[in-house]
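Engineer: Read top to bottom, the protein sequences are chains V and L.
If you count by the numbering used here, then the first sequence holds residues 1 to 141, one letter each, in order.
If you count by the numbering used here, then the second sequence holds residues 1 to 141, one letter each, in order.
Here are a few chain V residues that face chain L, going by a calculated C-beta distance under 10 Å: (1) L10; (2) T12; (3) A18; (4) F21; (5) Y22; (6) L26; (7) L47; (8) L49; (9) S93; (10) G95; (11) A96; (12) P117; (13) G136.
Simulated from the structure, these hints should not be mistaken for lab results.
These numbers were taken from a predicted model, which means no experiment stands behind them.
Don't be surprised by glycine CBs; every beta carbon is placed ideally from N, CA and C.
Protein chains: 2
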Amino acid sequence: MDQQLHFITLATPDLETARRFYRDGLGWDATLEVDGEIIFYQVAPGLLLGLFDADKFAEDLGGGAAPGISGITLSHNVGSPEEVHRTTNAMASAGANVLKPQQGLFGGIFHAHVRDPNGVVWEIAHNPGWRITDAGEVVLG
Amino acid sequence: MDQQLHFITLATPDLETARRFYRDGLGWDATLEVDGEIIFYQVAPGLLLGLFDADKFAEDLGGGAAPGISGITLSHNVGSPEEVHRTTNAMASAGANVLKPQQGLFGGIFHAHVRDPNGVVWEIAHNPGWRITDAGEVVLG
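The whole structure should be built from the sequences, with the hints applied where relevant.
Structural biologist: This is how it looks when you write it as structure tokens:
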């Protein structure tokens, strides 16, 4: 697996307060905001930090996994739905537990969630609406 | 504050198991390993993921802060000890709580820890042994 993260996602109990802190307090510009759901900030070349409403974060991990949710996911994007499947299987072979098997979402996204032996939740995703420009800027949607 | 993270640090209950997963399972190369303490992996241009022994992680945040430790810190590096002070104050003015005021460490490092309104712990640091090459590679020590 490429040694690269693409998203870091934080379960966010109060999205509006977080938004005020990052935007007005730190002066950061959002790459994308989905009202009441999620705000993305670019925090390194090719890397987005996602502030994800905590209830929706739990839903996204499949609901049933909620008791073990760590409040953070590390996301790794790959080139195809098949590669999501291969990468998820490779992580499981290396000792990770599959929390939510691969499934399709809105916008042609395919993803799966696994928990690594350190207890950290990873998302392995294929997202046709996500790309990195030559200058390292992330474009979404 | 620049819209840039430099380190993401995870409290790691079992460092050796985590090391086996990231190194042998994912095939990742460490930038730096300090035996029994911390392992760094570069995960984006200019960005390191740190796996930090959970007990030492708690110590680093000042011990007394342990009950509120979230298990993740976002680190932002700045150019001088004075800038650590200024940035920490700016974050406090924007609604963050200072967990550990600025202090000096080994190697000429100065840092402080603050908790943002989202409950996430940030480290603001000046580290003279850390730099990013023109190619985006992180060099430590």
